[in-house]
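K.L.:
Protein chains in written order, with the working numbering: chain D, 1 to 272; chain E, 1 to 272; chain U, 1 to 310; chain X, 1 to 310.
None of these hints come from the bench; they were simulated from the model.
This one's a predicted model, so the numbers in the text were calculated from it and none came from an experiment.
Backbone N, C-alpha and C fix where the C-beta goes; we use that ideal spot for every residue, glycine too.
Check the hints yourself; a few may be wrong.
Have a look at the derived ranges for each label pair, beta carbon to beta carbon [claimed, not checked]:
1. U:Thr5 / E:Arg66: 25 to 35 angstroms
2. U:Met35 / D:Pro30: 53 to 63 angstroms
3. U:Thr5 / D:Val78: 27 to 37 angstroms
4. X:Glu83 / D:Arg248: 23 to 33 angstroms
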Amino acid sequence: MPHGNPRFVHGKILHNTGSGIFYRMEVAVPERIDFVPGQFAMVSGWPGNDPLLPRPLAIFRSGGVRGKAAVEFVYKVVGRGTALLSGLHAGDPIALTLPLGHGFEFPAGDRSWWLVGGGVGFSSVFPAAAALEEERADFEIFLGARTRDQLPPGEWIPGGAVAGRVHLCTDDGTAGFFGTVAAALRDRIDRRKSSGPSRVAILACGPHEMLKAIAEFALPLDIRVQVSLESSMACGFGVCWGCVTAIRDGEKSGYRRICKEGPVFDAREVVW
Amino acid sequence: MPHGNPRFVHGKILHNTGSGIFYRMEVAVPERIDFVPGQFAMVSGWPGNDPLLPRPLAIFRSGGVRGKAAVEFVYKVVGRGTALLSGLHAGDPIALTLPLGHGFEFPAGDRSWWLVGGGVGFSSVFPAAAALEEERADFEIFLGARTRDQLPPGEWIPGGAVAGRVHLCTDDGTAGFFGTVAAALRDRIDRRKSSGPSRVAILACGPHEMLKAIAEFALPLDIRVQVSLESSMACGFGVCWGCVTAIRDGEKSGYRRICKEGPVFDAREVVW
Amino acid sequence: MQSVTPDLTTRVGNVLLKNPVMSASGTFGYGLEFMPFYDISRLGAVIVKGLSLLPTPGNPPGRIVETPAGMLNAIGLQNIGVERFVNDVAPRLEDAGAVYVANIYGRTIEEYEAVARRLSDLPALAAIEVNASCPNVKEGGIAFGSSPEGLSGLTRRVRAVTGKPLWVKLSPNVSDIGAIARAAEEAGADAVTLINTIVGMAVDPRTRRPMLSNVTGGLSGPAVKPVALRMVWEACKAVKIPVIGIGGIQSPGDALEFLLVGAAAVQVGTANFRNPNACVEIVDGIRDFFVREKIFRLDDYRGKLLLREK
Amino acid sequence: MQSVTPDLTTRVGNVLLKNPVMSASGTFGYGLEFMPFYDISRLGAVIVKGLSLLPTPGNPPGRIVETPAGMLNAIGLQNIGVERFVNDVAPRLEDAGAVYVANIYGRTIEEYEAVARRLSDLPALAAIEVNASCPNVKEGGIAFGSSPEGLSGLTRRVRAVTGKPLWVKLSPNVSDIGAIARAAEEAGADAVTLINTIVGMAVDPRTRRPMLSNVTGGLSGPAVKPVALRMVWEACKAVKIPVIGIGGIQSPGDALEFLLVGAAAVQVGTANFRNPNACVEIVDGIRDFFVREKIFRLDDYRGKLLLREK
Ligand SMILES: Cc1cc2nc3c(=O)[nH]c(=O)nc-3n(C[C@H](O)[C@H](O)[C@H](O)COP(=O)(O)OP(=O)(O)OC[C@H]3O[C@@H](n4cnc5c(N)ncnc54)[C@H](O)[C@@H]3O)c2cc1C
Ligand SMILES: Cc1cc2nc3c(=O)[nH]c(=O)nc-3n(C[C@H](O)[C@H](O)[C@H](O)COP(=O)(O)OP(=O)(O)OC[C@H]3O[C@@H](n4cnc5c(N)ncnc54)[C@H](O)[C@@H]3O)c2cc1C
Ligand SMILES: Cc1cc2nc3c(=O)[nH]c(=O)nc-3n(C[C@H](O)[C@H](O)[C@H](O)COP(=O)(O)O)c2cc1C
Ligand SMILES: Cc1cc2nc3c(=O)[nH]c(=O)nc-3n(C[C@H](O)[C@H](O)[C@H](O)COP(=O)(O)O)c2cc1C
Ligand code: FES
Ligand code: FES
Numbered sequence: 001m002p003h004g005n006p007r008f009v010h011g012k013i014l015h016n017t018g019s020g021i022f023y024r025m026e027v028a029v030p031e032r033i034d035f036v037p038g039q040f041a042m043v044s045g046w047p048g049n050d051p052l053l054p055r056p057l058a059i060f061r062s063g064g065v066r067g068k069a070a071v072e073f074v075y076k077v078v079g080r081g082t083a084l085l086s087g088l089h090a091g092d093p094i095a096l097t098l099p100l101g102h103g104f105e106f107p108a109g110d111r112s113w114w115l116v117g118g119g120v121g122f123s124s125v126f127p128a129a130a131a132l133e134e135e136r137a138d139f140e141i142f143l144g145a146r147t148r149d150q151l152p153p154g155e156w157i158p159g160g161a162v163a164g165r166v167h168l169c170t171d172d173g174t175a176g177f178f179g180t181v182a183a184a185l186r187d188r189i190d191r192r193k194s195s196g197p198s199r200v201a202i203l204a205c206g207p208h209e210m211l212k213a214i215a216e217f218a219l220p221l222d223i224r225v226q227v228s229l230e231s232s233m234a235c236g237f238g239v240c241w242g243c244v245t246a247i248r249d250g251e252k253s254g255y256r257r258i259c260k261e262g263p264v265f266d267a268r269e270v271v272w
Numbered sequence: 001m002p003h004g005n006p007r008f009v010h011g012k013i014l015h016n017t018g019s020g021i022f023y024r025m026e027v028a029v030p031e032r033i034d035f036v037p038g039q040f041a042m043v044s045g046w047p048g049n050d051p052l053l054p055r056p057l058a059i060f061r062s063g064g065v066r067g068k069a070a071v072e073f074v075y076k077v078v079g080r081g082t083a084l085l086s087g088l089h090a091g092d093p094i095a096l097t098l099p100l101g102h103g104f105e106f107p108a109g110d111r112s113w114w115l116v117g118g119g120v121g122f123s124s125v126f127p128a129a130a131a132l133e134e135e136r137a138d139f140e141i142f143l144g145a146r147t148r149d150q151l152p153p154g155e156w157i158p159g160g161a162v163a164g165r166v167h168l169c170t171d172d173g174t175a176g177f178f179g180t181v182a183a184a185l186r187d188r189i190d191r192r193k194s195s196g197p198s199r200v201a202i203l204a205c206g207p208h209e210m211l212k213a214i215a216e217f218a219l220p221l222d223i224r225v226q227v228s229l230e231s232s233m234a235c236g237f238g239v240c241w242g243c244v245t246a247i248r249d250g251e252k253s254g255y256r257r258i259c260k261e262g263p264v265f266d267a268r269e270v271v272w
Numbered sequence: 001m002q003s004v005t006p007d008l009t010t011r012v013g014n015v016l017l018k019n020p021v022m023s024a025s026g027t028f029g030y031g032l033e034f035m036p037f038y039d040i041s042r043l044g045a046v047i048v049k050g051l052s053l054l055p056t057p058g059n060p061p062g063r064i065v066e067t068p069a070g071m072l073n074a075i076g077l078q079n080i081g082v083e084r085f086v087n088d089v090a091p092r093l094e095d096a097g098a099v100y101v102a103n104i105y106g107r108t109i110e111e112y113e114a115v116a117r118r119l120s121d122l123p124a125l126a127a128i129e130v131n132a133s134c135p136n137v138k139e140g141g142i143a144f145g146s147s148p149e150g151l152s153g154l155t156r157r158v159r160a161v162t163g164k165p166l167w168v169k170l171s172p173n174v175s176d177i178g179a180i181a182r183a184a185e186e187a188g189a190d191a192v193t194l195i196n197t198i199v200g201m202a203v204d205p206r207t208r209r210p211m212l213s214n215v216t217g218g219l220s221g222p223a224v225k226p227v228a229l230r231m232v233w234e235a236c237k238a239v240k241i242p243v244i245g246i247g248g249i250q251s252p253g254d255a256l257e258f259l260l261v262g263a264a265a266v267q268v269g270t271a272n273f274r275n276p277n278a279c280v281e282i283v284d285g286i287r288d289f290f291v292r293e294k295i296f297r298l299d300d301y302r303g304k305l306l307l308r309e310k
Numbered sequence: 001m002q003s004v005t006p007d008l009t010t011r012v013g014n015v016l017l018k019n020p021v022m023s024a025s026g027t028f029g030y031g032l033e034f035m036p037f038y039d040i041s042r043l044g045a046v047i048v049k050g051l052s053l054l055p056t057p058g059n060p061p062g063r064i065v066e067t068p069a070g071m072l073n074a075i076g077l078q079n080i081g082v083e084r085f086v087n088d089v090a091p092r093l094e095d096a097g098a099v100y101v102a103n104i105y106g107r108t109i110e111e112y113e114a115v116a117r118r119l120s121d122l123p124a125l126a127a128i129e130v131n132a133s134c135p136n137v138k139e140g141g142i143a144f145g146s147s148p149e150g151l152s153g154l155t156r157r158v159r160a161v162t163g164k165p166l167w168v169k170l171s172p173n174v175s176d177i178g179a180i181a182r183a184a185e186e187a188g189a190d191a192v193t194l195i196n197t198i199v200g201m202a203v204d205p206r207t208r209r210p211m212l213s214n215v216t217g218g219l220s221g222p223a224v225k226p227v228a229l230r231m232v233w234e235a236c237k238a239v240k241i242p243v244i245g246i247g248g249i250q251s252p253g254d255a256l257e258f259l260l261v262g263a264a265a266v267q268v269g270t271a272n273f274r275n276p277n278a279c280v281e282i283v284d285g286i287r288d289f290f291v292r293e294k295i296f297r298l299d300d301y302r303g304k305l306l307l308r309e310k
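Looking at chain D on its own, in the form it has when it is part of the complex:
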């Protein structure tokens, strides 16, 4: 999928409703936004200059046509910006810069995709699942959360909570696998030894520690891993150099912008 040019648009909230610990917000926008799963938007929807900076949110869904186009986000309230977002009502204005960043890559070839979302990280892997579902590709979803109530509602899962395809994991064992999502993945790999792990590709988004754990066991097994990283961001479109992470890439090693060269990186290149 090609990565399109970003735009700055003024949207209007269609709905913004909480479901457990997550909010789902749909925003009417002037024109249809095409995006690659893993891409994100910079969102600001509050008056005044405090907080000053927009907040990055993965694009969860996008649809419609000019005049009736809309994008959707899923977020969790963790601080002031997301708290302000959660207080917005249908009809309120909101500013978006999107689509931004380099999303997941789906190289052609016969393979099985394992999509891993930790916490609210499912917001960037569900779009990947939706794309794979469309292509009738083979995928499984791993969702990790601290407890059962912190898992996304089943009906948000692309293709539905199909048994065997969706693996739930909780730190406290209140639902699904009792343990981290990384542990569940390792488990799944062990059970799959026969068919050869090299035909699996992992796309993951979640807490840094989770991504690191996945990279640590999967890379030595020659499994391709793409991870979506996070960072505080000022601009989101590559002009402030505020959001970098250290990348190892031979001659070209150095600090790369998570908002521009990322947020999705090949796990082999990340300096963990």
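Since the structure of chain D is already known, use the hints to place chains E, U and X with the ligands on it.
P.N.:
Same frame as chain D, but now just chains E, U and X with the ligands:
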């Protein structure tokens, strides 16, 4: 009426609805607030530090008992703070410091009260009218606005829009007297010469130019005039010295705090 | 399990404070105005509005303007003068059980001396804070406060006339705050307080006029906090006397930031305007934080910023 | 009645700009990143990210932190180096029809000279802006920029190696901005740009660590606007060369404030982050304001602040 001690309270909005260009907002507060007409509250009801300072609003009404107490405000959206207030919904939290300032004085004695509100200035003279109505005192109300739609709804007038007691004035003649409220007052005085103007006392709140015009013709006629002044305020309770106006009072002349020694001053003392 | 109440006492030189939170001069009136809101003896100390030898009328209106997350003021040090303070206000502060500090300024060094001398008559006065940095009156001390030499001269002279603990309040409008703080230390200050307001300006593009009658004013509030914190950190590294941190503190977290970089105590200014209870809420919030984090004494936290080794 | 389009052209020395709005260095990438949003030739000029002689990796992560109405940054001047700029970027800026200015810095005066010399090879380059004030790298010029003597030396040396118009970007972390501006003027600068960021700091009270890997960073955004405006006003009074105003400009009204106190042009920095269209919206807003207020030429407004006679 004695001026009570101020309190800082966290209130909850009961309703906040627009009526023409004015909003009327009722706030549930932990305990009953007694106030003198002309006193005000410092109001802040938005997250973040921009705008930073609370906004002064006259106390329009106060009632109820502990557990069910409420205060009411009337405001017009003129800038950022009032715009933010207008976006608040029932249930939203709001912080209030009140009651503040020195309100109108009602010295005993047989006299007729003329209450003058220009623009949103009615918000501090209507409480005075309500108090006089309660005492069955003799009063008339003069309301000035640019156009008809900028007058307060008739049902907000204490005692109702009793003919002969309420004088409407508009700059464009779309309702009532065609001209400024100061001109209407002069008119009224001329028609009243016989009974002697000295038995009239004026309480006025509105734009500075209006107050000044009233003082200029009424003071030479020996009519007692009390005016409620405005100013930008940081604290509202007398500790920053930011809100002063020059006051002429013999030995004690100097800059007085509008929030503490005012907002209501004897028009003779104001350096216009 | 019962939680131990953390020990919040702190020493500013030989002044012992029950907790590290004080009100900032010019934002707390004479202290008495806060008594309807809470018991002011709960504060580490109350610092009153800057006092001059004679009552001072201050600047014409157009004294404050709001700015993004801050405000500019050009009050011009309106105050009742030291005499009325000593006679009318000080006794009432004592009745209230408050620890109180007088902030002073003069148009000349002689005036500073005179005010300090008069205040030394008050046995209960905890300290004198010399405002060497008010940007809003030509005589507000900024002439003395913006060079190490000027500050040193002023400090020495006031030091000589009073036995009270002497705190010197520094201007942030300088290239090297460390050098200024050292000048105060060497001249005999018992503590330095910083920051005073940063000189700023606002104009109305339509009327083409300044928003303040004085044209420029002093910036305070959350907007300046990052600058204040940096300067307090630099001052803490530069001097051995206690540093009192101030600038944009609104919450317990803000106060903790200043204590963490080494401040012996903090002052809360502009925050009082939006929330009259700000100071006591900060005292309570610091205590709660210490309970939660199992910190038993302020001194176990103060100055304990963790830096990566280079 | 048809309204005449106001004349927004302005001169910065002998550089003629079609309007007074430029992007600020470090907040606009190399300019090209904004082409998806709008035609960058609509700006008075594009100022690119600070360039050094060699590509520079910058500071470790923990480079930005939000503060009330502002942000701290400690990017550490990550950039592609002057050579790649000349070869890869400059031609594309020319193709885009943009007027562009290179912002430069060096670890030593010799490096400043080398970068300036290399840039002088670009016929279309409108000017060189010398960053004598980056607070985030030891070598960022702040050593040169915080005293009149240091700045004078740096400016003279760079002046000698290039025929390009030379703009010198000043640090606000000084006691007397007028003196600093005069030093630049006397040493041959064609204009001064101010302000760069104000040094600030933020720490996490819980982890006890600084929020920035560099400990301190530069404060920018609306929070600093009042301070920037005051300094620009002082600089305008101190020098005859053009002053370029910058600091917290977010709206047409903000830009007008700087023009009113005398700035020849303005730069817009942090505002680009929240609204990528900020610069062009400010151009349009200034034009609309002039139409509404019946002002025909920028020069009829610029520097026309009305002060009360004393
Ligand atoms: C590319 C990208 C896509 C994202 N997509 C989503 C999404 O779809 N849904 C969603 O809920 N969140 C998403 N996030 C995270 C989201 O941006 C942050 O939760 C949000 O910015 C926090 O803002 P706040 O003002 O509420 O919190 P703040 O008050 O700014 O901070 C609160 C706490 O969150 C931490 N925090 C702040 N920003 C980040 C960040 N960017 N990464 C990690 N921790 C942070 C702070 O350190 C602090 O502890 C994404 C982040 C990135 C970089
Ligand atoms: C004692 C007192 C009682 C008041 N009671 C009421 C009331 O009951 N209802 C009501 O609607 N308004 C009342 N006001 C006025 C009200 O406080 C202002 O309209 C409000 O503060 C404006 O805030 P803002 O953020 O919306 O406007 P801003 O964005 O701050 O300013 C918008 C415009 O309004 C002007 N302005 C701002 N504050 C004031 C002020 N205090 N006085 C005059 N002009 C100002 C500004 O100069 C600017 O032109 C009262 C003012 C005072 C001092
Ligand atoms: C309205 C106002 C008046 C002030 N008056 C004084 C004063 O008289 N003496 C003084 O030393 N500082 C004075 N200050 C400065 C404050 O004490 C404090 O140093 C500054 O405001 C920064 O702290 P803050 O951001 O918490 O307000 C004043 C500040 C304000 C806002
Ligand atoms: C992320 C960031 C990077 C910056 N990099 C540079 C730089 O490379 N060179 C420079 O002279 N100024 C740099 N600055 C300073 C800005 O150009 C500007 O002077 C400052 O941010 C104040 O303006 P503002 O408030 O509009 O952002 C940078 C500022 C920011 C926020
Ligand atoms: S957030 Fe600005 S470069 Fe990534
Ligand atoms: S608003 Fe602070 S003294 Fe009046």
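K.L.:
Please flag the earlier hints that this structure goes against, numbers listed from lowest up.
P.N.:
none
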